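Asks: Sequence:
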Amino acid sequence: MPDLGIDTIAFAAARREEYVPLSALPGAADLVPPERLAAAGIPLSRLMVRIPEDDDVDVTAQVLAALGPPAVPQPLFFVRSGPLRDPNVAALAGLVHRSGWEGEDVGLSHLDELGGTAVFGLLEWAVETEATAVVCDEPLFADAACGHPRFAAVGVRVRRGASALTVSGCGEGKPALTGGHRFTGRGPCDAWLAFCAALAEGVVADGDRVLLHTRGPLREGWLALLAVDVSALRLVPAATASLLGGRSG
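Mapping of the sequence shown onto UniProt numbering: position 124 corresponds to residue 124, and the numbering continues sequentially without gaps.
In short, the hints are calculated from the structure, not lab data.
Since this is a predicted model, take the numbers as computed values, not measurements.
A couple of the hints might just be wrong.
[Claimed, not checked] Label-pair distances were calculated between CB atoms; the ranges are:
| id | residue 1 | residue 2 | range |
| --- | --- | --- | --- |
| 1 | VAL203 | HIS110 | 31 to 41 Å |
| 2 | ALA200 | GLY68 | 17 to 27 Å |
| 3 | ARG234 | ASP3 | 28 to 38 Å |
| 4 | LEU122 | PRO73 | 15 to 25 Å |
| 5 | PRO43 | ALA71 | 25 to 35 Å |
| 6 | LEU25 | LEU177 | 38 to 48 Å |
| 7 | PRO26 | PRO217 | 17 to 27 Å |
| 8 | LEU218 | LEU177 | 13 to 23 Å |
| 9 | TRP125 | PRO217 | 41 to 51 Å |
| 10 | SER45 | ARG234 | 43 to 53 Å |
| 11 | ARG234 | ARG209 | 17 to 27 Å |
No residue lacks a Cβ here, since even glycine has one placed at the ideal position from N, Cα and C.
Please work from the sequences and hints to get the whole structure.
Replies: Printed below as a string of structure tokens:
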């Protein structure tokens, strides 16, 4: 079967303010499972938690709209880093309905920091010809020492055969690959946003090898890409995005 490739990347990021110290919510720390607190990797004294807020900021919908409808119906893979903002809302069903998506849809949740890297193992197995994947990161917790976090989403259109970028491999754990461009971040979208910034600046050239590396408090994962034809890659900023950090090499 031909290699999996990427010919379009859309991205969006929005700084958020609806986080309060966990200590400001009486009894809240007792309601959060200890393993969830450990997974956050943030000292309790600095831990902030997201409070649901009704607004119209939906980075996932922005990214899907920026990608535009595919020429022919294809599967949609919706990958979330953690719990929904509103547990009473079926996010994938709403996204499919509002976008008028034609084709199958698959939802994946709680991959946490590995959502933007290891998920390509599933895509490698599941995609027959073409598909769209959207990775959404809406952190439940934040570190007060780092300021308010951002909601982020990255969407890619993947296909079999010749593409602007070729997927060379992916995995969980510390990457053994060296050389080329390396972009590292904590969340599932961070390395992707840094990679998009480098692409926009013309840093990546044909023939370059790219490593997207996500290193969270408990797990890390990686995705290796080969730039085949950068000029053919469609890069679409879906909204005013903050492309900060995570870039090296």
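Asks: Now tell me if each hint is right for this structure.
Replies: Results of checking the hints against the structure:
no.: 1; hint: VAL203 <-> HIS110: 31 to 41 Å; in the structure: 33 Å, holds
no.: 2; hint: ALA200 <-> GLY68: 17 to 27 Å; in the structure: 19 Å, holds
no.: 3; hint: ARG234 <-> ASP3: 28 to 38 Å; in the structure: 19 Å, violated
no.: 4; hint: LEU122 <-> PRO73: 15 to 25 Å; in the structure: 20 Å, holds
no.: 5; hint: PRO43 <-> ALA71: 25 to 35 Å; in the structure: 50 Å, violated
no.: 6; hint: LEU25 <-> LEU177: 38 to 48 Å; in the structure: 43 Å, holds
no.: 7; hint: PRO26 <-> PRO217: 17 to 27 Å; in the structure: 26 Å, holds
no.: 8; hint: LEU218 <-> LEU177: 13 to 23 Å; in the structure: 22 Å, holds
no.: 9; hint: TRP125 <-> PRO217: 41 to 51 Å; in the structure: 28 Å, violated
no.: 10; hint: SER45 <-> ARG234: 43 to 53 Å; in the structure: 45 Å, holds
no.: 11; hint: ARG234 <-> ARG209: 17 to 27 Å; in the structure: 21 Å, holds
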